[in-house]
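**Student:** In case you want the letters, here they are:
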Amino acid sequence: GASSTQSSGSSSGKSSLKVGIAYDVGGRGDHSFNDSAARGLDKATKEFGGTPKELTAKTTDTDQDREQYLDDLASNGYNPVIAVGFAYANALKAEAPKFPKTTFAIVDSVVPGANIDSMSFATPESSYLAGVAAALKSKTGHIGFIGGVDNALIKGFQAGFQQGVTDTKPSDKVTVQYLSTGSDLSGFSSPDKGASAAAGMLSQGIDVVYSAAGSSGTGSIETVAAKKGAWAIGVDSDQYQDPALAKYKNSILTSAVKNVDVAVFDLIQSIHNGKPLTGNNTYNLANGGVSLATSGGFIKDIQPQLDAVTKKIISGQIKVKQTP
Amino acid sequence: MELKGITKRFPGVVANHDIDITVRRGIVHALVGENGAGKSTLMKILYGMQKPDEGTIAIDGEQVSFSNPGDAIVRGIGMVHQHFMLADNLTVLENVVLGSEKLHGIGAKARARITEISDAYGLGVRPDVLVEDLGVADRQRVEILKVLYRGARTLILDEPTAVLVPQEVDALFDNLRELKAEGLTVIFISHKLGEVLSVADEITVIRRGTTVGTADPKSITTKQLAELMVGSELPSPETRESTVTDVPMLQVEGLRLTAPDQDGVERTVLDDIALTIHKGEVLGIAGVEGNGQAELVEAIMGMRAPDAGVITLDGQDISRTPTRKRREDGIGYIPEDRHRHGLLLEAPLWENRILGHVTEQPNSKGALLDPAAARRDTERIVAEYDVRTPGIDVTAASLSGGNQQKLIVGREMSHHPKLLIAAHPTRGVDVGAQAQIWDQIRAARREGLAVLLISADLDELIGLSDCLRVMFRGRLVADADPATITPEELGSAMTGASSGHLEHASAAGAVTGTAVSDTASEKAGGED
Amino acid sequence: MKKFAKIDKDRLLLGIAAPVLAVVAALVVTALVLLATGKEPFKAFQIMVSYGFKSDSQVFILNEATTYYLAGLAVAIGFRMNLFNIGVDGQYRMGAFFGAVVGGMVTLPSFLEIPLIIVVSMVVAAAWSAIAGFLKVGRGVSEVIATIMLNSIATAVISYLLQPGRLAHLNSNTNSVYTTMLPKSAWFFTMTTNPAAGPIEGFIVIAVLAGVAYWFVLARTRFGFDLRTVGQSESAAEASGVNVKKMIVTSMVISGALAGLVGMPALLNEAHTYSDEFPTGIGFIGIAVALLGRNHPVGIGIGALLWAFLDRTSNWLEFNGYDKEIVGVIQGVIVLCVVIAYEVVRRYGLGRQQRKVGEELAAAASVKKTEAQGAAV
Amino acid sequence: MSTTTTAAPAAKTAPAKAPRTKLSTPVILLIVAGALIAVAAVRAITGARDVTSSGQIGGALQMAVPVGLAGLAGLWSERAGVVNIGLEGMMILGSFFGAWAGWQHGPWIGLLAGVIGGALGGLVHAIATVTFGVDHIVSGVALTLLAQGATEYLAKIWFNTGKAATLGGNPKQSPPIGSVPSITVPGLSPWLAHIEAHHWFLVSDLAGVLGGLITNLSVFTVIAALLFGATYWVLWRTSFGLRLRSCGEAPVAAESLGVDVYRYKYAAVIMSGALAGFGGAFLAMVPAHAYNEGQTGGRGYIGLAAMIFGNWRPGGLAMGAGLFGYTDSLQLRNGGPAAHALLLLLVLLLVLMAAWKFSRKSYRQAVLNAVFAGLLLLWFLMTDTIPSEFVSATPYVATLLVLGLSAQRLRMPKADGKPYRKGQGK
Ligand SMILES: Nc1ncnc2c1ncn2[C@@H]1O[C@H](COP(=O)(O)OP(=O)(O)OP(=O)(O)O)[C@@H](O)[C@H]1O
Ligand SMILES: Nc1ncnc2c1ncn2[C@@H]1O[C@H](COP(=O)(O)OP(=O)(O)OP(=O)(O)O)[C@@H](O)[C@H]1O
Ligand SMILES: [Mg+2]
Ligand SMILES: [Mg+2]
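Residue numbers (the working numbering), protein chains in the order written: chain A, 1 to 324; chain B, 325 to 852; chain C, 853 to 1229; chain D, 1230 to 1655.
The set of hints was computed from the structure by calculation and includes no laboratory data. Bear in mind that the values here come from a model prediction, so they are computed numbers and not experimental data. Check each hint, because a few of them may be wrong.
Calculated Cβ distances over 12 Å to all of chain D for the following chain A residues [said to hold, decoys possible]: (1) Lys193; (2) Gly194; (3) Ser215; (4) Thr218; (5) Lys247; (6) Gly279; (7) Ile302; (8) Pro304; (9) Ile318.
One-sided excerpt, in silico: chain A residues whose CB lies under 10 Å from chain D [stated by the list, open to error]: (10) Asp35; (11) Gly141; (12) Asp167; (13) Ser189; (14) Gly229.
Idealized CB from N, CA, C, for every residue including glycine.
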């Protein structure tokens, strides 16, 4: 049998921290924000000990189901309870007042409440930087963006990226391709579609491809890697470090990182320290919540330009668009 | 070849009960018995398609046990089934070599062999045609060729003549005699006793699943044989007192129907059909199956939309009325294939009683069903029409064919139809039930019912009809007076060999077709 | 009369035998899988049962089952006439989407607003489903393939319209795209029996009514009889005067209209808007539920409850260190076992009845014979 | 009836059957040539180069292979009379087991495992439908459900622990699998690419198409193509195939000739599962290098549609799969503009259809087609791209349109989907 959860980790003696986390569809291992949240959780568990409890949503879930996940976690003494994904917003609104002593958190959404930590990420900002890097690195002046599913979140990525490219080199052209649409989430899990789209782009002379497409991105990265001189830009986590992509890492120019792990870790740490984080916490370039990865050192040469742009964004001199 | 103590039980019936048969080599051995007597089952056992529950089979003194037809084929036994066993979408060649590809492969060698056999027995089979393009007689020859191809020394023919017209039967018998001359053994099943006497060397009679005796074709008459088969005197469909009135009930004029075939090409299946049935009249339609009878029935029922023509029922033009309305207006329908068109096999009897009359009393009130009334009425039908069943909640599938048919007849008659379409009303029905059904049709006719009768049983047709028409390739080509016509003469018209008004010629065998009248049905009606 | 009662009782027993057989088989298979992967099966079952019967679980299960039940009904009406409406999924999403759009545009009193939304949803879903019906009767396209394609096309249509600036708004805080929130008058009532357990969604009443209507129409009306007739034998139906083509389109439309109800609990009782998190895939659960319930209104109810129970307990299994995906295995095995068990039992029942009829008739005949002999003597 | 004497009457009413319209090789070549010209024209007019580029054709081929294999799988099973809507589930099993063995032992062992995994799914379907006589569609749906549940469960256990996890595996994804070798014809491919680059009308188009077919061709694609040939040969040229097909056309007749129908049905359905498993394994190893949950994305169903489109024949099925692969690849490679160019192609098709209907004297249909063509042309002229949401629906719309236009002329095996019990034939 599995180790009993009610023991609340007393046997470990290290910590009584009980972290409950409810992932969105895809869950741990989605190569995207769920995964990133999981990393933060893992890091915190390593550091502070305790017993995490992870639940995952399904496509057929209604608000009712999602409320249930949060309820199960909170009513069994988990604190904090982290809801990964904006889809939990309604559920959280209903559940948080029921457990005033528990700290809740939600990723990618703002839910008002005294015991809620709303973590939002300025992904368009990091995508903007990615756009700058792409424009500076592209020899053909033709750049590609592959989105997994054409929802608002990914369109934010697209908006920032396009703006970054055109602000840097107004003559450059960005070609946009989505892999699936609406509630068809297959675009996040179809490397073959990613590969097709990337191949199409390469054949049009595109030499830098940014894919914000979950695990479909592996397909596009792989395809780009097969072409000499072409660059891939990863998303969400530093994909250069991804063991599954080790073979292609030398074609991964950089990744627009969304540090959900940082946010998750911050929250857990704050609970550990007895000073729970709540309120509206935006993770952006300024506080390192989103960033451009530097592993591989491929953007070393353009780092000064990137730093300059970063400063401008932080200072508000550049306003990054949220929608294309 | 010796079958001893064969017993075979199916759920609900003992198809074979302790049957003993001995068949000698090189002769034609006939097996006769009424419907459901167990002939086919016995042969399927001999052919390895069914396993006997008890009993043994010995061939040339050696005991054998077949677990599938392949074993029987190896032993030189071949069977032509009662229903064609052909794949329509495969070629003749493919149908023939199927299962015996080891003999000559499936290519040129096989084709050569088929042509060789076909020529040797004058079968005239073309190997590369699709079976669906063949007529019944051709299909029959393909079936025989299949058996010969496998080098069978014993040939089982299960009712091979049921779908053939007399001339084709003669051709078949010529083939059989040739086979016999080559030293082959033929086991031949038929209800048609005349045929049996003409071709068989030995006869075994089966009744209710057991052998009741053997007969010598040289010394026995058809009447004696029939009584042996049935165990009592044979009923007859004769109906001679005329009830025909001159009030037309159904009139069909200029009916034309085209239907697309498998290739999507439009073909004419009914061409310029005209007929009139009066109150109290039975109009019989003779014809080899597939000449448009089924389509005619479906057109009158409204199941197919004709391209041209007017159908009038009791003075009302119903050419465009939907099927349901036609049924409500008084057309009763005993379909050709009761399992496909007449019953819901897995539904209880009382629901089957509703089928086809859901809008009528007592089955429904307004838009709602009235199950209680329907059940009551089902009880009545079961009692009145002698449907043998333990209750009305059993499924239709658990009744025997005859009882299913009685239920259908009872259902249709309960709504007092003005016109009854009876397609093969006694097919697959035992003698007792057959007589009952005939009686019911006669009784209703006396009260003014008009009947369109279609049957492959020429005796039934001649006996029951007031007037006969012959259908050939989608046309009504001939008419005849049932009082004088013989089955042979009718058969000749069914092949298209004669047309017009058929007069009985007393000179034996000579059939002359002389057309006399332009409105044949009226004439026939008047003559009665 | 006694005989019929007996046959009926046998039928009932046989009817129950199949699902019980299947559930037992599924439990055995699941236990084996758990054992093979090094987990303790009996504890898992115990966890499921004890958790599944808690009062808040019961409320949850009822609410979840409401949706599944409606989906099951929608699928079942097609099944009853041998039509495989795989497209309930697309149909309910189309319906709910347009229902939400229309509901967001107008504000009327509840007794008008709610029926308006429901009717719009049913009509749109029915129209979407009718496409497959027309393709089948008009062009001979298999409804299975057509509805699968239509599901994907529905996804495209909705995602086109569900865009800020078209029929939806963007919440930039949440990155969620949603249609105008329904006015309060469109909120369906809820019932609270036990505050701790949460409210029971009022739409369960509609679901029950839909089930009763389903039963009544099929079992008690002429139309239902015609529909069942087509399902049992198309050729017999044609001969009995049913216009089969019309019936195919009609039943696709009815199936679609029922599908239009599927999204209503989520819309009227829960989210009050159609957003990009609106649940998808319920149509496929409907297929499983209809198969479990053998297309019978009560059976579907049991199937829906079972499915919801498994869903509910899967969370708790995950909580207790089991992989909740095991529930997917249980569900798959149950459905497969159920369909096999039904077939086996059906055939056994039919054969048994034929045998019985034969025996009884033979007995009756021999009685008659002896009587006749007695009379002769 | 007039006063004529005897003579064989009315033989003319049932005219002799016209010869079956079979597509001969020259006709097929003509159709292919016509299609190529039409597409070349569309490229010239719209400037959407991807319509005939070698990359597009190569991509189409890669997209077509899994669909084609699924269709081929369906063909085997349905030719033996078993409807297989469980293909999706069998593909899932194929991709899962293929990846599971593949990441550990390389793609070849992976392929084998995928095929075996799919075949196991086929076995279950065969047991349910052949032995127990469950309705084929019901069984297929149930099987897909089971395959989904089982792979999700096993993925969590097999890919998320130990070495697999360190190599990048997780509950939704397997660790990466080594590459499948691919072939490029040296000399010829670059030469064709060179010609293609000139964008000459028709010549470059032809070069693009040929180049796409022979550049960077995965060995698995070659095997899949061979399987099409092999299937044709086995099913239509061997006695095994004859027996198998006879089970789908007339099982009782086959039984009466000593064919063990159950055995052939089992063989066919297991083979069907194996082929679907190959399709799944292909997905996990050629366009991608890992198993991903949800990767099959309904391709099993599309394969079935392709098979129906192909009238239950390998050649037609290949065309159906090709059509799907073509539209899918086109929409992914070049999105809106390319799909927009397809509109023009559709207009051309409808005009041809209208002309044909007109010559066939079905004026209503002709007018209907012409009106549709006009509306589409208007749409084409008024816009220069198609909204991305509809672009991704292109393959489904195309499939539905094509089936709608062709379904009536199709002919499925006569006993397909019908229950068959040994010894119960009448
Ligand atoms: N597969 C079967 N299952 C159950 N009952 C069967 C089966 N085959 C035949 N029977 C029944 O066995 C009995 C004998 O049937 P059989 O076909 O041998 O009769 P037959 O003498 O050939 O009749 P016919 O002249 O109508 O061909 C019938 O009652 C029939 O319904
Ligand atoms: N293919 C079959 N499968 C199962 N049962 C069958 C089959 N054919 C016939 N039966 C059963 O065999 C029994 C007799 O059927 P059938 O109609 O052949 O009888 P029959 O002897 O011709 O009856 P009757 O004398 O009334 O015409 C019935 O119980 C029927 O259900
Ligand atoms: Mg019988
Ligand atoms: Mg027989």
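**Student:** Just want to verify: Gly194 of chain A was marked as not at the interface with chain D; is every Cβ pair farther apart than 12 Å?
**Tutor:** Its Cβ does come within 12 Å of chain D, the nearest being 8 Å, so this is violated.
**Student:** Closest CB-CB distance from Ile302 of chain A to chain D, is it above 12 Å?
**Tutor:** Holds, since 29 Å exceeds 12 Å.
**Student:** Closest CB-CB distance from Lys193 of chain A to chain D, is it above 12 Å?
**Tutor:** Since the minimum Cβ distance to chain D is about 6 Å, Lys193 of chain A lies within 12 Å and the statement is violated.
**Student:** Taking 10 Å as the limit, does the beta-carbon of Gly141 of chain A come near enough to a beta-carbon in chain D?
**Tutor:** It is violated, given that the least Cβ distance between Gly141 of chain A and chain D is near 18 Å, above 10 Å.
**Student:** Was Ser215 of chain A rightly flagged as not at the interface, with every chain D Cβ beyond 12 Å?
**Tutor:** Violated, because the least Cβ-Cβ distance between Ser215 of chain A and chain D comes to about 5 Å, which does not exceed 12 Å.
**Student:** Beyond 12 Å from every Cβ of chain D: is that where the Cβ of Lys247 of chain A lies?
**Tutor:** The assertion about Lys247 of chain A is violated, with a minimum of 7 Å to chain D.
**Student:** Evaluate the condition: distance from the CB of Gly279 of chain A to the nearest CB of chain D exceeds 12 Å.
**Tutor:** holds, 32 Å
**Student:** Go through the hint on Asp35 of chain A and say holds or violated, using the shortest Cβ distance to chain D against 10 Å.
**Tutor:** At 7 Å from the nearest chain D Cβ, Asp35 of chain A passes the 10 Å test, so the hint holds.
**Student:** Compute the least Cβ-Cβ separation between Pro304 of chain A and chain D, then decide whether it is above 12 Å.
**Tutor:** holds, 33 Å
**Student:** Let me know if the C-beta of Asp167 of chain A comes in closer than 10 Å to any C-beta of chain D, holds or violated.
**Tutor:** violated, 24 Å
**Student:** Closer than 10 Å between Cβ atoms is the bar; does Ser189 of chain A clear it against chain D? Give me holds or violated.
**Tutor:** holds, 5 Å
**Student:** Please settle this one: Thr218 of chain A was flagged as non-interface, so is its CB more than 12 Å from every CB on chain D?
**Tutor:** Violated, because the least Cβ-Cβ distance between Thr218 of chain A and chain D comes to about 7 Å, which does not exceed 12 Å.
Of the numbered hints listed earlier, those contradicted by the structure are 1, 2, 3, 4, 5, 11, 12 and 14.
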